[in-house]
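Chemist: If you're matching them up, the sequences are chains A and B in order.
The numbering used here puts the first sequence at residues 1 to 118.
The numbering used here puts the second sequence at residues 1 to 241.
Please keep in mind that the hints were generated in silico from the structure rather than gathered at the bench.
For each residue, glycine too, the CB sits at the ideal point set by N, CA and C.
Worth double-checking, as some hints may not be accurate.
Estimated spans, in silico, between C-beta atoms of each pair [to be verified]:
| id | chain 1 | residue 1 | chain 2 | residue 2 | range |
| --- | --- | --- | --- | --- | --- |
| 1 | B | Ala58 | A | Thr79 | 20 to 26 Å |
| 2 | A | Asp68 | B | Val160 | 56 to 62 Å |
| 3 | A | Glu41 | B | Ala23 | 25 to 31 Å |
| 4 | B | Trp30 | A | Gly81 | 46 to 52 Å |
| 5 | A | Gln99 | B | Phe84 | 31 to 37 Å |
| 6 | B | Thr126 | A | Ala74 | 26 to 32 Å |
| 7 | A | Val10 | B | Thr126 | 52 to 58 Å |
| 8 | B | Val160 | A | Glu27 | 26 to 32 Å |
| 9 | A | Asp68 | B | Leu103 | 33 to 39 Å |
| 10 | A | Gln99 | B | Val119 | 57 to 63 Å |
Covered stretches of chain A (chain B as the covering partner; in silico rule of three or more C-beta atoms under 8 Å from a C-beta of chain B) [to be verified]:
| id | stretch |
| --- | --- |
| 11 | 11 to 25 |
| 12 | 88 to 101 |
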Amino acid sequence: MGRRREGQLVPLEVDILGAGMELQASEGDFYGFSLAKRIAEQADAAALTAHGTLYKALARLSEAGLLDSAWEDAAISETEGRPRRRLYRVTGAGELAHQRELAAMAAPAAAPARVAFA
Amino acid sequence: MVDGYVEAADGITIEPSRGVERAVLAWGRWYTLDLPGDMANDRLAELESDLFEHRAAAGGGAGVGSAILWRAVRGVPSDVSWRFSRLRRTALSAPHGTFPLALPAIAHLATAALLTWGVFVVARVTGSLLAGSWAGAWDLLAAGVAGLAIAIVGGWLVAVRRRRMLGAFWLAAASFLLIRFGTMAVVATSVTLTEFQHDSMEQFMLLVRAATLAGVLFFAAMAVWWTAAPQATDRPEWGEA
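Isolated chain B (complex conformation) (with noise of 0.2 Å):
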C-alpha cells in the first residue's frame, strides 16, 4: 500500500511545487494560532500527511500542485468555522479569570492599529517632506521609519505560533519609537498641532508618556502571557530535514 508513496518520496514530485504545500501549511498555522497546542499540532500533522500523500499519489503529474491549492481554497470557510468553534470551546472550558480569546484578539488588534500608526506617521512625514513643508528633527523621521520596520517584523512574528513572544517584544519596541517619537514628528509636520504643542506643553508630554508607557508595558505583558501559555511544539517545515 505504502510502497508508491516511499517511491514518490524518494522520486520527489514535491521540489517543483513546494511553495503550494508552504502556503496551505501556513494558512494551517495561521487558522490554529490560539488554539491548545495539541489540537493544533493534530490537525497541522493530519494537514501535512494529506498534502505529501496527495502529491505522493499523483506521482508527479501536471496540475497537483494547483488540485492541491484549489482543495484548501474551497476548504477555507470549513477550516475558519472549525477554528473558532475550537476557541469557543476552549474559552468555555477555561479556568476563571483567564482570557485565551480575548487576551490575543485584542494583541491582535492592538497590533493591527500600531501598524496603521506607523504608516500614518510615514506617510505624513513623507508628504511633508515633499511639499518642503517638514520642521522636524530628522531623528524624528528615523524613529518613525524604524519604528514601522520594527513592527512589521513584529507583526509578522507574532503571527506565528513559536514566534509570537519575540513577536511582542519587536511590538513593545515598536510601541516606543512610533508612540513617542512618531506623535512628535507628526505634531512637526502641522502648524497647528505645532502651536497647540507649545501651548500644552506639559499635558501634551504626560499624554505622550502615557500612551508610549502603556503600548510598551501591553505588548511586554503579551510577551509574558505567551512564555507562559501552553505552546505547541516546534514543528519541521514541509520538506525540512
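Extracted from the complex, chain A is given alone in its bound form (with noise of 0.2 Å):
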C-alpha cells in the first residue's frame, strides 16, 4: 500500500467530519464514542471503529485545524458519575475538506488526487 499525499484524507476521516457534522446538528458537539457509534450505524456495521484508528484519527484531524477539541466541563461529568469526555467540533476547513471530497469521490476521473486540505 503506498503513502497517501498530504492532505488527502482516508475514507475513515470523510466518515468521522461526515458523522462529526451530523452529530453537530443534534448534539452541538461530539466525542469519541459517540462517533464512533453513528459512524457504525451509518455503514450498517456491527463493529465500532477500533480505539486506536478512531483516536489516531481524529489527533491527525485535529492537528489539520479540521476538528477542534475541548474537555468538557469535570463538574458535568462528576454530576453524571462518568469520566470527562472530550469534545469536538468540525471546523469550517473541516466542512469545505469533507464537500471538497465527497465532490472528489462523486467524480473520480475530474480530480484523482483527492486533496482536500493543505
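Got two chains here, separate frames each, mind docking them using the hints?
Modeler: Next comes the structure, spelled out in C-alpha cells:
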C-alpha cells in the first residue's frame, strides 16, 4: 500500500467529518464513542471503529485544523458519574474539506488527486 | 443524552468484565509510556471515557467485554504507529543534549538484558545443583534468586509510568546482586571458568566490579533522570473511587 499524499483524506476521516457534522447539528458537539457509534450505524456495521484507529484519525484531523477539541467541564462529568469526554467540533475548514472530498469521490476521473486540505 | 450513562453507571454493568477495561487501559499505559505527560494523559482519559461509554451504552448486554477487547486489538497497529510518530516528534522538538527516545530505549534494553542474565544464572545454577556438580556457596545461589526476583519486580515497575523511578532503584539493586554474585555463581558451575578465575583472579575481580558498578550506576542514573523528567499526572485506575 502506497503512502498517501499530504492533505489527502482516507475514507475513515471522511466518515468522521460526515458523522461529526451530523452529531454536531443535533447535539452541538461529539465525542469519540458517539462518533464510533454513528459511523457504525451509517455503515450498518456491527463492530465499532477500533480505539487506536479512531483516536489516531481524530488526532490527525485536529492537527490539520479540521476539528476543534476541548475537554468537557469536570463538574458535568462528576455530576453524571462518568469520566470526562473530549468534545469535538468540525471546523469550517473541516466542512469544506468534507465537501471537496465528497465532490472528488463523485467525480473520480475529474479529480483523481482527492486533495482535501493543505 | 446522558441519562442512560448515569443509569448505567449506577446500575453497574462495569463490574463483570472490569478486567477487559483494565487490560485495555494497561495497554494504553504501555503505549503512552515515555510520551510527554499531557499527551499521554489526554489519550488515556479519552480511552477511559470511551470504555465507560461503550459499556454504558451496551446496558449490560452479553458480549460487551469481548466487543471492547476486539476493538482494542484491532487498533493495536494504529496505537503503535501513533506512539512512534509522537516519539519522533518529541525527539525532534527536544532541547539539544537531551535524549528523550534513546535513554528510555537503552533502559528498557538494559532491563531486558539484566532479566535474561538473571534467568540464565538461576537456570544454570539449578541445572548444576540437579546434576550434583554445584561447588559454590549457598549464599551465591540465594543472591542469584533474590537478584532475579528483584529484577522482575523492577522490570514491572519501570513499565508503569508513575513507578518507573522506583523501578530503576530496584533494578540497580538487582544489578548488584546479579552481576557481582550471579557471575560468581555461574563461575562455580563450571570447572573451566573456575580455573580461569583462579588463574586471573585480579583481572576477573576487576571486570566483575567494573560491570557491577556500571550496572548499578546506570540504573541509579535512570532513576534520577526519570525523577527529573516531566511526569504524567497520577490517574486513578478504572473503577477506583
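Chemist: Of all the hints numbered above, which does this structure not satisfy? Sort the numbers upward.
Modeler: 2, 4, 6, 8, 11, 12
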